[in-house]
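A.B. asks: Starting from the known structure of chain H, fit chain V onto it as the hints suggest.
If you're matching them up, the sequences are chains H and V in order.
At position 24 of the first sequence the residue is numbered 24 (my numbering), and the sequence of numbers has no breaks.
All you need for my numbering is the position in the second sequence, starting with 1, plus 154.
Hints may contain errors.
[What the hints assert, rightly or not] The following residues of chain V were derived to be distant from chain H, with all beta-carbon distances above 10 Å:
| hint | residue |
| --- | --- |
| 1 | A212 |
| 2 | A228 |
| 3 | E239 |
| 4 | E267 |
[Said to hold, decoys possible] Now the stretches of chain V that chain H is said to cover, found in silico as 3 or more residues with beta-carbon under 8 Å:
| hint | segment |
| --- | --- |
| 5 | 158-167 |
| 6 | 231-238 |
| 7 | 259-266 |
| 8 | 279-288 |
[Claimed, not checked] One-sided and incomplete, this derived list gives chain H residues near chain V with beta-carbon spacing under 10 Å:
| hint | residue |
| --- | --- |
| 9 | M31 |
| 10 | A129 |
| 11 | S153 |
Rather than coming from a laboratory, the hints here were simulated on the basis of the structure.
Glycine included, C-beta positions come from ideal geometry on N, C-alpha and C.
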Amino acid sequence: MRTRGRTNRRSGGGLTLNMAPLIDVVFLLLMYFMVATDFSPAEEVFRLDLPALDGGRPDPLEMLDEPLRVRLAAAGASGDAVRVIVDGPWDVTPSVRGLGEFLTESVMPSGMLFVADHPIIIDPTPHVAWKHVVDAFNAAVAAGCTNITLETSS
Amino acid sequence: MTPLIDVVFLLIVFFVLVSRIVDEDRPRLDLPAPVPAATLISPPGAKIIVSIVADGSAAWRYHMPGADIPADAAGADALAHIVAESLQRDPEAAVQVRAGQDTPWEVVAPVLEAARVAGRAASIPHPVRVQLATTRNQGA
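Just chain V, same shape as in the assembly:
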């Protein structure tokens, strides 16, 4: 019986690990933690996750699973294109924006604008659903 239980547990651990690796293509960021938070638990459903990552001292880049785009005007256009393709595949998907606390607004705003442009390009029948990622303050 024991080898059978071993194999079953190994299979469970294997699938848990694989599912986490597939899902975890998101960089760790020092997300804002408003107190007291009026945030929501992220609703279920498809998400297009855009992380804004510091790339050196003053440079930034937009990170999506499988894509790294420089945070400049051309990058914002490329981002809008990728998000539009994703919205065409799944118009109900939400665009989740993940940015660290000290990210300047001038780097975040183009992501929201790209989401808006993408929604228009994909002709989705409703406003683009955006989620602003925060972290729950452990002391709150």
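Bound conformation, chain H alone:
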């Protein structure tokens, strides 16, 4: 490079553009943006508070209201589907969508059956897939419920 530059200067060839550092910088910028880009799908969360004191579970007698228990059971030939059962005298379509509709129509302010912090316990059977548990949790959160827990003991 130096030799060529001297040669150019000697021969009066004017300025030359050295391409190598430019390409270096371009590649470094490319690497920087590739590393900075997050190619994995964005993760989000549901928040859930698990009572840890006094034996680990809330005392049902201390609850002002009877909790609404939502049971999830594996259904379908392969057990991949889910059947949703809401305890009590409620007429609920046994699906996650039905649960969502029931809660939306029942929970204040759109409904009059339950306040938003009415305790809701989601109680899946052992073989229910996690996606169905999350779907039921999502339906309750979307309906405005704020006091949802998962039954881990059964």
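C.D. replies: Just chain V now, kept in the frame of chain H:
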């Protein structure tokens, strides 16, 4: 000037890579993607991340940074112990549960129970903060 810019960019790339490697000890999982999602962006703060990973056809294991525990009764006890130690160090830390869509509830429930037991063992003054990891559906 150019070599100086080179070195600066190399240092930036190096530190970005190192921070990602330190943070990325979490297996890729097919997380649930509820639609329409009522989820939250993960709040900032310390997290104790527990991933539930398929280990063969019917076996599962609990993965934490630096620990792989079989998903059985003894494993759940060991998990509770590790989580309790972490909560003693930082009582404000949240336990983030990462499980794939088809993970059966019987494998996930012991993790939540372990978090509850750990909170009691660590005597934290509030309920154990749990985060259920999901992924944002790109079409939603």
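A.B. asks: For every hint, state whether the structure bears it out.
C.D. replies: Taking the hints in turn, this is what the structure says about them:
no.: 1; hint: A212; result: holds (12 Å)
no.: 2; hint: A228; result: holds (18 Å)
no.: 3; hint: E239; result: holds (15 Å)
no.: 4; hint: E267; result: violated (4 Å)
no.: 5; hint: 158-167; result: holds (count 6)
no.: 6; hint: 231-238; result: violated (count 0)
no.: 7; hint: 259-266; result: holds (count 6)
no.: 8; hint: 279-288; result: holds (count 9)
no.: 9; hint: M31; result: holds (6 Å)
no.: 10; hint: A129; result: holds (5 Å)
no.: 11; hint: S153; result: holds (7 Å)
In the structure shown, a violation is registered for the earlier hints numbered 4 and 6, in ascending order.
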